[in-house]
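*Asks:* Could you put the whole structure together from the sequences, leaning on the hints where they help?
Here the protein sequences come in this chain order: S and P.
My numbering numbers the first residue of the first sequence as 1247 and each following residue consecutively.
My numbering numbers the first residue of the second sequence as 141 and each following residue consecutively.
No wet-lab data here; the hints were simulated from the structure.
All figures in this text were calculated on a predicted structure; none of them were measured in a lab.
The reader is advised that the hints may include incorrect statements.
With a straight-line cut-off of 25 Å between C-alpha atoms, the simulated SDA-like cross-links for lysine to any residue are [as the list claims (entries may be wrong)]:
#: 1; chain 1: P; residue 1: Lys222; chain 2: S; residue 2: Glu1696
#: 2; chain 1: S; residue 1: Lys1655; chain 2: S; residue 2: Val1385
#: 3; chain 1: P; residue 1: Lys222; chain 2: P; residue 2: Ala257
#: 4; chain 1: S; residue 1: Lys1253; chain 2: P; residue 2: Arg255
#: 5; chain 1: S; residue 1: Lys1253; chain 2: S; residue 2: Phe1588
#: 6; chain 1: S; residue 1: Lys1253; chain 2: P; residue 2: Glu266
#: 7; chain 1: P; residue 1: Lys222; chain 2: S; residue 2: Arg1608
#: 8; chain 1: S; residue 1: Lys1253; chain 2: P; residue 2: Ala213
#: 9; chain 1: S; residue 1: Lys1655; chain 2: S; residue 2: Leu1295
#: 10; chain 1: P; residue 1: Lys345; chain 2: P; residue 2: His328
#: 11; chain 1: S; residue 1: Lys1453; chain 2: S; residue 2: Pro1650
#: 12; chain 1: S; residue 1: Lys1253; chain 2: P; residue 2: Asp265
#: 13; chain 1: S; residue 1: Lys1290; chain 2: S; residue 2: Ala1668
#: 14; chain 1: P; residue 1: Lys222; chain 2: S; residue 2: Ala1699
#: 15; chain 1: P; residue 1: Lys222; chain 2: S; residue 2: Arg1596
#: 16; chain 1: S; residue 1: Lys1253; chain 2: P; residue 2: Arg261
#: 17; chain 1: S; residue 1: Lys1253; chain 2: P; residue 2: Glu252
#: 18; chain 1: S; residue 1: Lys1453; chain 2: S; residue 2: Leu1295
#: 19; chain 1: S; residue 1: Lys1253; chain 2: P; residue 2: Leu236
#: 20; chain 1: S; residue 1: Lys1253; chain 2: P; residue 2: Arg280
#: 21; chain 1: P; residue 1: Lys222; chain 2: S; residue 2: Asp1610
#: 22; chain 1: S; residue 1: Lys1290; chain 2: S; residue 2: Ala1661
#: 23; chain 1: P; residue 1: Lys222; chain 2: S; residue 2: Asp1693
#: 24; chain 1: S; residue 1: Lys1253; chain 2: P; residue 2: Arg262
#: 25; chain 1: S; residue 1: Lys1290; chain 2: S; residue 2: Val1633
#: 26; chain 1: P; residue 1: Lys274; chain 2: P; residue 2: Gly286
#: 27; chain 1: S; residue 1: Lys1655; chain 2: S; residue 2: Gly1498
#: 28; chain 1: S; residue 1: Lys1253; chain 2: P; residue 2: Arg221
#: 29; chain 1: P; residue 1: Lys222; chain 2: S; residue 2: Arg1612
#: 30; chain 1: P; residue 1: Lys222; chain 2: P; residue 2: Arg331
#: 31; chain 1: S; residue 1: Lys1253; chain 2: P; residue 2: His231
#: 32; chain 1: S; residue 1: Lys1253; chain 2: P; residue 2: Trp259
#: 33; chain 1: P; residue 1: Lys274; chain 2: P; residue 2: Glu324
#: 34; chain 1: S; residue 1: Lys1253; chain 2: P; residue 2: Asp212
#: 35; chain 1: P; residue 1: Lys274; chain 2: S; residue 2: Arg1254
#: 36; chain 1: P; residue 1: Lys222; chain 2: S; residue 2: Gly1692
#: 37; chain 1: S; residue 1: Lys1253; chain 2: P; residue 2: Asp234
Not close to chain P: a few residues of chain S, all C-beta gaps over 12 Å, as computed [as the list claims (entries may be wrong)]:
#: 38; residue: Pro1309
#: 39; residue: Arg1310
#: 40; residue: Ile1314
No residue lacks a Cβ here, since even glycine has one placed at the ideal position from N, Cα and C.
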Amino acid sequence: MIGRGWKRAVTSDLRRHWRHFAAASVGIILGVAALTFFLALGLKVRELLLVQVFPSNYVEVVPRSADIDLFALRLDLGRDVLDAAVMADIESIEGVDAVFPKMRLMAPALASGGESLFGGGLQTEIVADGIDPQLVADVVGDAFREVDADRINTPCSTNEQCGEDAYCDGTRSFSGGFCQPYIPVLVSPYVVELYNGAFRRSYNLPKINPDSLMGLAFDMDFGASTFRPSTLPPIRERMRLAGVSDKAIPLGVTLPLGEVRRLNMAFGGPAAGDQYHSAVIEVLSKDSVPGVVDAIEAMGLEVRDRGARRAAFATAVIMVVLALVGGVLIAVAAAHIMHVFFLVVIVRRREIGLLRAVGARRGDIRILLVAEAAVIGMAAGLAGVAVAVAGGAAANAFAAGRVPDFPFKPESFFAFSPLLLASVLALAVVACVIGALPPAYRAASGDPSEALAGR
Amino acid sequence: MIRLDGIRKRYPGADIDILAGIDLTVDAHDFVSIVGRSGSGKTTLLNLIGGLDTDYDGSIEMGGSNLRSFEDAGLSDLRNRKVGHVFQAYHLLDHLTCSENVSVAALFARGEMRRDASWIRRRADEVLATVCLKGAGGRRPSTLSGGERQRVALARALFHQPEVLLCDEPTGNLDLETGREIVELLSHLHRRGEMTIIAATHDEKISTVGERTLRLRDGCFVNLDGGGE
Chain S
1247 MIGRGWKRAV
1257 TSDLRRHWRH
1267 FAAASVGIIL
1277 GVAALTFFLA
1287 LGLKVRELLL
1297 VQVFPSNYVE
1307 VVPRSADIDL
1317 FALRLDLGRD
1327 VLDAAVMADI
1337 ESIEGVDAVF
1347 PKMRLMAPAL
1357 ASGGESLFGG
1367 GLQTEIVADG
1377 IDPQLVADVV
1387 GDAFREVDAD
1397 RINTPCSTNE
1407 QCGEDAYCDG
1417 TRSFSGGFCQ
1427 PYIPVLVSPY
1437 VVELYNGAFR
1447 RSYNLPKINP
1457 DSLMGLAFDM
1467 DFGASTFRPS
1477 TLPPIRERMR
1487 LAGVSDKAIP
1497 LGVTLPLGEV
1507 RRLNMAFGGP
1517 AAGDQYHSAV
1527 IEVLSKDSVP
1537 GVVDAIEAMG
1547 LEVRDRGARR
1557 AAFATAVIMV
1567 VLALVGGVLI
1577 AVAAAHIMHV
1587 FFLVVIVRRR
1597 EIGLLRAVGA
1607 RRGDIRILLV
1617 AEAAVIGMAA
1627 GLAGVAVAVA
1637 GGAAANAFAA
1647 GRVPDFPFKP
1657 ESFFAFSPLL
1667 LASVLALAVV
1677 ACVIGALPPA
1687 YRAASGDPSE
1697 ALAGR
Chain P
141 MIRLDGIRKR
151 YPGADIDILA
161 GIDLTVDAHD
171 FVSIVGRSGS
181 GKTTLLNLIG
191 GLDTDYDGSI
201 EMGGSNLRSF
211 EDAGLSDLRN
221 RKVGHVFQAY
231 HLLDHLTCSE
241 NVSVAALFAR
251 GEMRRDASWI
261 RRRADEVLAT
271 VCLKGAGGRR
281 PSTLSGGERQ
291 RVALARALFH
301 QPEVLLCDEP
311 TGNLDLETGR
321 EIVELLSHLH
331 RRGEMTIIAA
341 THDEKISTVG
351 ERTLRLRDGC
361 FVNLDGGGE
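*Replies:* Spelled out as structure tokens, the structure:
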């Protein structure tokens, strides 16, 4: 076979019957466009859910609750804390790579500050927890670490005398100050999104860039509350934002574990230093998660489902349904392609007979027709992808201008990955080829004399 | 050499055989004319000899090979390499140029017959010159006269220098003068002695060119005076 000659034969045939083929391609274009559009949308939503809203690289274990509602009260009859022995048991489960205990701050706290950001001081009740800095080391690095035990030492009169990681605290002495370390804190991206998406509107505050928050310092009064007076004197510390991490408490601030332990022991006694409220478990691989979850539940503990699994499942179901809709469209289009090819084969009966008369094998005729179908599929697939991408751009533009901001609102609602585009193009080609196969076999059947006679 | 033994053919739904036991031997480089009325089976016979029709009883040998021994691929290759067909209705592809029509067999050439594009172009020009259509390679068949189209069809049949040229009513759609030109072309090809020519025709002129003229009647060959051969 001569490649160039075949190319010429295929393209000239397509040109001759372009009206038939263009009509047949409409279904493929619509099917591919719908499939690409919905799959790209589904993939992006799934990515948002699993990567940003419900990061699922880790499993969080909490004590199993056994709540009983009694009138207005809910009685918690289950275990409330995890101790070191439970942590050791969890660590011994097969598939567990590391266990990072989390400790909730057991004292009220007030946060105040933000003058540089908001133009005026804000004060709010705030909850906090503590995590092992190693858990977030790969994201925030060294900025989030345990504070040195030797805290109060150097006398000072200005912040500059204390270096980068400390400030001059003048509240603890009448004769000058002492250098105190900043306590690094983390916030969840959800906090930032909630602030930018909803909170700031209620209080007419500016929208903030998460990156600009790094290094923001504010004070926290541990043991202080606007709800009820504390029996112990509050402890004031200065915090400094070290990063944004999905491992941080969703609403509140997250401190290094040692700091929370110290504060809990200060307000709750020595026993409070060994009472963890949950543990984040890093599993060796995602495949190990089901086994680890089973083992944890067998220990009488619960895995906190933050919605990731349900969200992923729901997204997958929606994607499958939408993909089926696109798939059905493509299947119908393939049937249409078949119909058109049957017509074209009838029209070209004598021509096919002539090709057979000059030496075309049955397989050559089939290849010729299937190649034409593949070209149609590729062209229609590209057009469908273009329609989908254009539709996605239009939807993004509409969302940017008309849809109010909401937490985790992305710039684009679509993930047109190369793999997705290649897959739908391949599907379009395959659909057209499958549609063209029966007519191609019909065209190649019989003797050339029958075709030449138009029979 | 071509040899037909006891060839019988009946079309589906027909009451009688269109060919009723044909025996024929054609030596290499012979020119045989087959005459007969319309519907006498001339085209059917050429189709069988040329491997365009495989539904028959009897045996057909070409160059010592029984056509029944070929699968589709073998028969297709035979049509591509050894047999050239000229049809009464030309069967030119209007969307291709004359040169592309002439070289269409090259699309399906295999093995040593497979050539590059420049060879194919040269060969197409060569055979077009042979049929006195030099320079017409870029024209579309729709711009040609009937005689020119038949010459293009003849050039297409000659493209791979076939051993056997089968012409089915090559002058059937042409006026007398144009038909005479085609007859002269066939005569010229015969004189060159490069191929066996079998022509089914009504045209008495063609029958005068060949060594033998056979009359087909009621599915059998008869003597020109009307008796059996």
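*Asks:* Hint by hint, note whether the structure agrees.
*Replies:* Checked hints:
Annotation: proposed proximity of P:Lys222 to S:Glu1696 holds, straight-line Cα distance about 21 Å (limit 25 Å). Restraint check for S:Lys1655 and S:Val1385: the C-alpha separation of about 22 Å stays at or below 25 Å, so the hint holds. About 21 Å separates the Cα atoms of P:Lys222 and P:Ala257, which keeps this hinted pair within 25 Å; it holds. For the hint linking S:Lys1253 to P:Arg255, the alpha-carbon distance of about 16 Å falls within 25 Å, and the restraint holds.
A distance of roughly 22 Å separates the Cα atoms of S:Lys1253 and S:Phe1588; the hinted pair therefore holds under the 25 Å criterion. This hinted pair checks out: S:Lys1253 and P:Glu266 have alpha carbons roughly 24 Å apart, not beyond 25 Å. A C-alpha spacing of about 18 Å is found between P:Lys222 and S:Arg1608, which places the hinted pair at or below 25 Å, so the restraint holds. With a C-alpha separation of about 22 Å, the suggested pairing of S:Lys1253 with P:Ala213 holds against the 25 Å cut-off.
Proximity of S:Lys1655 to S:Leu1295 is assessed by CA-CA distance (about 11 Å); at most 25 Å being required, the pair is judged to hold. Proposed proximity of P:Lys345 and P:His328 is supported: the alpha carbons are some 14 Å apart, at most 25 Å. A distance of roughly 14 Å separates the Cα atoms of S:Lys1453 and S:Pro1650; the hinted pair therefore holds under the 25 Å criterion. Taken as a hint, the S:Lys1253 and P:Asp265 pair is honoured in the structure, with Cα atoms around 21 Å apart against an allowance of 25 Å.
Proximity of S:Lys1290 to S:Ala1668 is assessed by CA-CA distance (about 17 Å); at most 25 Å being required, the pair is judged to hold. For the hint pairing P:Lys222 with S:Ala1699, the CA-to-CA distance comes to about 22 Å; that is within 25 Å, so the pair holds. Restraint check for P:Lys222 and S:Arg1596: satisfied, since their Cα atoms lie roughly 22 Å apart, inside the 25 Å limit. For the proposed pair S:Lys1253 and P:Arg261, the alpha carbon gap of about 16 Å is at most 25 Å, so the pair holds.
Only pairs whose Cα atoms come within 25 Å are accepted, and S:Lys1253 paired with P:Glu252 is accepted, the gap being roughly 21 Å. As the CA atoms of S:Lys1453 and S:Leu1295 are separated by approximately 23 Å, the hinted pair is consistent with the 25 Å bound. For the given pair, S:Lys1253 sits about 13 Å from P:Leu236 by alpha-carbon distance, which is consistent with the 25 Å threshold. Restraint check for S:Lys1253 and P:Arg280: satisfied, since their Cα atoms lie roughly 19 Å apart, inside the 25 Å limit.
A hinted pair counts as satisfied when its Cα atoms are at most 25 Å apart, and P:Lys222 with S:Asp1610 qualifies at roughly 19 Å. For a cut-off of 25 Å, the pair hint linking S:Lys1290 to S:Ala1661 stands: about 5 Å separates their Cα positions. For the hint linking P:Lys222 to S:Asp1693, the alpha-carbon distance of about 18 Å falls within 25 Å, and the restraint holds. Taking the CA atoms of S:Lys1253 and P:Arg262, the gap is near 20 Å; set against the 25 Å cutoff, the hint holds.
Proposed proximity of S:Lys1290 and S:Val1633 is supported: the alpha carbons are some 18 Å apart, at most 25 Å. For the given pair, P:Lys274 sits about 17 Å from P:Gly286 by alpha-carbon distance, which is consistent with the 25 Å threshold. This hinted pair checks out: S:Lys1655 and S:Gly1498 have alpha carbons roughly 21 Å apart, not beyond 25 Å. This hinted pair checks out: S:Lys1253 and P:Arg221 have alpha carbons roughly 22 Å apart, not beyond 25 Å.
Proximity of P:Lys222 to S:Arg1612 is assessed by CA-CA distance (about 23 Å); at most 25 Å being required, the pair is judged to hold. Among the hinted pairs, P:Lys222 with P:Arg331 is consistent with the structure: their alpha-carbon atoms are about 19 Å apart, no more than 25 Å. Distance hint between S:Lys1253 and P:His231 is fulfilled; the C-alpha atoms sit about 21 Å from each other, no more than 25 Å. At most 25 Å may separate the alpha-carbon atoms for a hinted pair to count; S:Lys1253 and P:Trp259 meet this at roughly 18 Å.
Restraint check: the Cα-Cα separation between P:Lys274 and P:Glu324 comes to about 17 Å, which is no more than 25 Å; the hinted pair holds. For the suggested pair S:Lys1253 and P:Asp212, the alpha carbons sit about 24 Å apart, so the restraint of at most 25 Å is met. Taken as a hint, the P:Lys274 and S:Arg1254 pair is honoured in the structure, with Cα atoms around 23 Å apart against an allowance of 25 Å. At roughly 21 Å between alpha-carbon atoms, P:Lys222 and S:Gly1692 fall within 25 Å of each other, so this suggested pair holds.
As the CA atoms of S:Lys1253 and P:Asp234 are separated by approximately 17 Å, the hinted pair is consistent with the 25 Å bound. The Cβ of S:Pro1309 lies farther than 12 Å from every Cβ of chain P, with a closest approach of about 76 Å, so its non-interface assignment holds. No Cβ of chain P comes within 12 Å of the Cβ of S:Arg1310; the nearest lies about 73 Å off, and the non-interface call holds. For S:Ile1314, the condition that its CB be more than 12 Å from all CB atoms of chain P holds, with the nearest at approximately 82 Å.
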